[in-house]
Amino acid sequence: MRARRADGAHAIPNAGMETFVQSMVSGILTGSLYAMIGIGLTIIFGVMRIINMAHGDMVMLGMYGAFWAHAAWKIDPFLSILIWIPGAFILGGITYRFLLRKIVPGGELNTLLYTAGLSLFIANLALLIWTGDYRTIKLPYAIMPLRPFGIAVPIPLAIAFGMAILVTAGLYWFLVHTDTGRAVRATSQEPEAAALMGVDVERITIVTFALGTALACGAGVLLAPSLYLYPTVGEILVAKCFVIVVLGGLGSVPGAIAGGLLLGVVESLGAVYVSVPYKDGIGFVIFLLVLLFRPSGLFGVGKS
Amino acid sequence: MALLEVKGLTKYFGGLRAVHDLSFQVNAGEILGLIGPNGAGKTTAFNLIAGFIRPTAGHVLLEGEDLVGMKPYAVTRKGIARTFQIVKPFKKLPVLENVALAAFLRFPSRAEAESHAKDVLERMGLSQKLAAAATDLTLSEQKRLEIARALATRPRLLLLDEPMSGLNPTEIDQATRLVMEICRGGVTVIWVEHVLKAIMNASHRVVVISQGQKIADSSPQQVVNNPEVISAYLGKRSIEHVVC
Amino acid sequence: MKLFSLIALVVLFLAVPWIIPVPFFLHLIIMVLMWTVLGAAWNILGGFAGQVSFGHATFLGAGAYTTMILYLKLGVAPWFGMVAGGVVAALIALPIGFICFRLRGPYFALSTLAVAEIVRLVALNWESLTAGPVGLLITTLPDVSFRGHPIDWESKTPFYYMAVVIALAAVLATAIMSRTRMGAYLLAIREDIDSAEAIGINTVQARVSALSLSAFLAGVAGGFYAMYLRYIDPDAVFAISLSVEMVFIAVVGGLTTVFGPLIGAIFLVTLGETFREHFLVGHLIFYGAFMMVAIRYMPEGIWGKLRLLMSPQR
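Chains as they are written, first to last, in our numbering: chain F, 1 to 304; chain U, 305 to 548; chain H, 549 to 862.
Hint data in this document are derived by calculation from the structure and do not stem from the laboratory. Note that CB positions come from ideal geometry on N, CA and C, so glycine has one too. Any given hint might turn out to be false.
Some residues of chain H that are not near chain F, with every Cβ distance over 12 Å (derived) [claimed, not checked]: (1) S659; (2) N673; (3) E702; (4) L735.
Simulated crosslink set (DSS-like; lysine-lysine; CA at most 30 Å straight-line) [unchecked claim]: (5) K433/U <-> K853/H; (6) K311/U <-> K396/U; (7) K392/U <-> K853/H.
Some, not all, of what chain H presents toward chain U, calculated at C-beta under 10 Å [as the list claims (entries may be wrong)]: (8) R727; (9) A736; (10) I749; (11) T818.
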């Protein structure tokens, strides 16, 4: 159940500065994508107060979207993001409007269970349609990694990183400089006050869920060239991204970014310095420790 | 010896001082009114006494035994029951079950627990609603259910947190009579309230809290004329309009 | 009349392997019964006590490994091993509860998931104990006889009867618990934990008790799983999907009911296993679909809904 690197990168046992920097860099690159997924999850939680267990499957859909765009239509996966992000936005909107809207009033736990059901449904549908075979995307320009300062940087990951930054910057601009974006932030902090101030909470909710879904799918598209793709990847991803979101404080975008980067780095360093098999567990151990000792997250803001 | 003695009770939330050096006594058989402007720390004081929060300093002595550090269920077992400001019934469970659960504390068998629960519910005027889901009751009925549930644990001391909020004048009168009757039945009462008319008429003594500190502790008549109390509530204006 | 139909039912149950000696059908029933135990186990903590756990595979796996290791290394017969498995599961539930019960609602759920994943990774890497990813295999089950007849472990029949026994035990345990004061207390905790504390319920002790019973039953089922399938590895018994399946069976069947897990297992496991026979993958699609339908239209579950429809008024 671990997302495996398609370029076959391994932990190299000889210590030293180079290894450290290498693993930090890998961690930040991967972490940026974790962060993108985490931002989507955290804004959904902030505005709707729900835990979206299907979020990881949205990432999976993005991955397969990129794969099929490349395999069937010969479109470069990074370009296909232009199709898939708007597509995912619409998909998210439809999902909320026709599936979730009646469920959310039933409470946090009911919604958690419902989205868990949705997650299982989507993942298994994907298993049926696309089979459980691992897929990879082979890009002709991605065979050799870049080597700035002697640090190996796989090209797809570098591009993904760059685009993730662009997307996050765009999101930041949206949240700070547009009316809708500001309404999203307001609703995420104080839904009742926002409603009293004239915010159309229903509209903001659907926008937020669509946006969160688009971010998840987008991250999937960006990650696709760097990982082995399989339909149940959403399961472990959503668990890890909840770790990020809780660590960063539920509802906090900067917290999700920091949490994502942190998780990427911790996993990367963990793979080198602790051991490869246990690296997935490190995030969870930290998660438990934080939940016990700092319930509002490492960076404050969350709700207890 | 006083039934309950609160000594030097203090609670800081981070840098925020919620309750500071609060001391007062309650004697068995009394109704003690606890009043003060919004945010004065009254509910915090209740939470401290009932064990829901741990004080930064101070003691809560029930007949000499310090309850600080005990979990809420242990405090209830010692004989202090409380209601919540915003009622928290077991929503989906029937009214009878709500109270029977509380009665289980003193009556481990279901038959006895239900029997005791029925008695308490009758005193609260809810006999007709035994099978109704708690969430289907009117506000006044839910408040009475809340009290019934607390009483079913056979407390020596009952902490009532704003039982009158949201009630109309008729209901307020009924509730006032109910509180007095509870006291006559042998339960000591500490009562937080904003409806000053009710609390002044029914209480034997009144303690006034402002900004976490006690500013008065005397009979209702004396408290009403206490200039510090008046200024805490209304700036420099008279309190006459509030108490009929 | 009622006693007669009860006896008839019991006889029917006991006679199934002779009435329908089709291996796949028996396998189906065995799976339904095993998942009934798992669903019932989850129902005690997640249904009655309202503490939704997404990490119950921890206890299943603990029971499975205990049973396997006791049999393979110490020769302890698996039917005793299963009980030991339940006990071990109940024991590890204590520190897990200590950690996770500090959290509420969804946070509790996520923390149980985190614990389950950590346990899976430990099992994967502690090779001296668990043989890691290679897993543990039972080649031959004990040479024993029942009333003079040697037991044929190649047939489904002995497993069927064992499954009936543990399913019966699980359902009975739930029924008994629901009638005790503890059962009533758990429902109060489910509704409102602060109010429960306020009326004198030691909510920590109550939850830990529920968790222990829940873990015990799951551990016993895990031991059975090990014995029936004869091969276990960390990804088989500690998988998140197993935890999730337990949740789904309990919810779809009907939380806080005694027979809900049985009904949930009948629906989901039958559909899932039959589907799996033909399509090999994707069988959990039914679980997902049923869950969505249940939460939307029947949050009380199939059995819960049936009970409502069958009761006279109210």
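Verify the proposed pairing of K433/U with K853/H, using a straight-line Cα cut of 30 Å. 24 Å, holds
Restraint: R727/H near chain U, CB-CB cut 10 Å. Satisfied or not? Where the cut-off is 10 Å and the nearest Cβ of chain U is about 8 Å from R727/H, the hint holds.
Please check whether T818/H passes as an interface residue: C-beta within 10 Å of a C-beta belonging to chain U. 31 Å, violated
Does K396/U sit within 30 Å of K311/U, going by the straight-line distance between their CA atoms? 39 Å, violated
Assess, step by step, whether the Cα of K392/U is no farther than 30 Å from the Cα of K853/H, and give holds or violated. Cα-Cα ~26 Å, so holds.
Under 10 Å is the threshold here; is the Cβ of A736/H close enough to any Cβ of chain U for the hint to stand? 5 Å, holds
So N673/H supposedly isn't at the interface. Is its beta-carbon more than 12 Å from every beta-carbon in chain F? 5 Å, violated
Checking a non-interface call: every C-beta of chain F should be farther than 12 Å from the C-beta of E702/H. Is that right? 30 Å, holds
Looking at L735/H again, its CB stays over 12 Å from all of chain F? The claim stands: L735/H keeps its Cβ more than 12 Å from every Cβ of chain F (closest is about 15 Å).
Cut-off 10 Å, beta-carbon criterion: hint that I749/H touches chain U: Interface hint status for I749/H: holds (6 Å vs cutoff 10 Å).
Would the least Cβ to Cβ distance between S659/H and chain F come out above 12 Å? 6 Å, violated
The structure fails to meet hints 1, 2, 6 and 11 from the earlier list, while all remaining hints are met.
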